[in-house]
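Chains as they are written, first to last, in the working numbering: chain A, -12 to 235; chain B, 4 to 266.
Bear in mind the hints are in silico, worked out from the structure with no lab data behind them.
It cannot be assumed that every hint is accurate.
Claimed, not checked - Below, simulated EDC-like cross-link-like pairs (lysine to aspartate or glutamate); rule was C-alpha separation at most 20 Å, straight line:
| no. | chain 1 | residue 1 | chain 2 | residue 2 |
| --- | --- | --- | --- | --- |
| 1 | A | LYS0 | B | ASP95 |
| 2 | A | LYS0 | B | ASP139 |
| 3 | A | LYS6 | B | GLU165 |
| 4 | A | LYS73 | B | GLU165 |
| 5 | A | LYS6 | B | GLU94 |
Said to hold, decoys possible - Some chain A residues well away from chain B (every beta-carbon gap over 12 Å; in silico):
| no. | residue |
| --- | --- |
| 6 | ALA33 |
| 7 | LEU72 |
| 8 | PRO79 |
| 9 | PRO123 |
| 10 | LEU159 |
Here a beta-carbon is modelled for each residue, glycine too, at the ideal position from N, C-alpha and C.
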Amino acid sequence: MNAVYIMWLREIKRFSRSKSRIVGSLMQPLLFLVSFGFGFGAVFAAAGQGNYINFLAPGIIGMSIIFTSIFNGMQVIWDRQFGFLKETLVAPVPRIAIMFGRTLGGATVATLQGCIVLVMTLLIGFHPVSWLLIAPAILIMLFIGTLFSALGMMVASLMRDMQGFQLVMNFLVMPLFFLSGALFPLSAVPEALKLVAAIDPLSYGVDALRYFLINATTYGLGLDLIVLSGFTLVFLALGSYFFSRIQV
Amino acid sequence: MAHNIIEVKNLTKKFGDFTAVKDISFSVASGERFAFLGPNGAGKSTTIKMLTTLLLPTSGSIMLGGHDPVREADAARKSFGIVFQDPSLDEDLTAQENMEFHGVLYSVPRDTRRARIEELLNFVELYDRKDSFVRDFSGGMKRRLEIARGLLHHPKIIFLDEPTLGLDPQTRNHLWQYLEKLNEEEGITVFFTTHYMDEADRVAQHIAVIDHGQIIATGSGEELKKQTGTQTLEDAFLKLTGSEIREEGADSLARMRMFRGRR
Ligand SMILES: Nc1ncnc2c1ncn2[C@@H]1O[C@H](COP(=O)(O)OP(=O)(O)OP(=O)(O)O)[C@@H](O)[C@H]1O
Ligand SMILES: [Mg+2]
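When you get a sec, could you build the whole thing from the sequences and use the hints?
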């Protein structure tokens, strides 16, 4: 549908025009890769877990995707503050179409970002098991991006201004990232943490990335895809619902 | 002017304990030029937001182009275009892109869209600047672009909430001429608010005056002047609404924000 396309296109245009945003959001993954990757590399290897950079790379790609996509979804708040949101709200278009277009836009942007980070990991010494399997890994990135863009929009629809942004970063995004298996193998953690990771959608996203990039998985690709789909559908549905209730 | 294109009955809007719009009823005939006047904070924008699906009424009923904005929002949305009181452009897109975005959202077919965008941008004298980012526009240029955008999809009703705020006299005259032409030739219904009484008197065939959320007078400019025994609409307005200045509260903040956004 046209509305979906134009909402998508807007996100792409805004992203491709903000060079500072692209460059800025590469710094964090780079820091993680260098400090964690090289800092813990020796310990990781000594513990018999293999090459840490290889393990870490999919996790950092996942990280850049969750940050980019949630941030993108939350730009609804800016639109509200700068007034543009009204223009989309009075349009004779089903709210689900607006939600979906925007979400896909955010997911595309996050995937582009993820691909840049992937290149960065390759330069730092990451060896994927197969070059061919990078293609399905990119699809997984798109999947993760869709899920978290929808979550970002859902959260943003419930907020009036940017006051709550820090709250969302610290109480939602950071825990989602740190408690997922992005930084450490879930096989060797306490049961409680295992349980928490098991309800964190990012764990399944990163797991699916690892399946294609380093041929390792905790949950199995099938379960990963089921859980990712489930969360995505729920966030899209809730997001459209909350979005349709926005009043300005 | 066979039927009423807007029909409002006992409309009320409460924000918490505060009643911004109190039990108002009015109607606008199809093809009419209707002015909705009132002091700051009277409830004009709140009413327009309820008519245009941006706010849910607390109680009362609305019919807009034959549809209820509450229950058949999308059908109602098809029937109008709107120029908001506050800024509503995407500053990170160009003028042309803002127009395109609108045209696609309203399913204006591609060829018609291109042609209308060119025509409207020429009308508001922004065609030369169509590829500039909106953030580089002056306040008046942004306003003109918003007006062009509101008309792009050929709505049956155009809502204009203080459309001429911040526009120079040349642009104002130009705008009203164009709107009157659209109104006469295509029968588009014009629903507007303004604080320029001479403008309202000149353009509107029908006027409703709202104060403290209640409609206190309706009629043509002449009728309002006759009712109040005054010479100008401005005097009639002052007589109807008193001359004390309204405390604005939250609204003055919104206004300051708007001015900062525009200038
Ligand atoms: N979201 C809101 N929450 C609380 N109060 C509100 C809200 N929106 C408007 N109001 C209040 O409702 C009243 C009517 O506001 P409204 O914006 O409709 O006035 P207006 O007639 O458009 O005034 P102006 O000429 O200044 O634009 C004001 O007192 C305003 O403070
Ligand atoms: Mg107003």
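Inset, instruction - Could you check the structure against the hints above and give me the numbers of any it violates, in ascending order? - result: The structure conflicts with hints 3, 7, 8, although it agrees with all the remaining ones.
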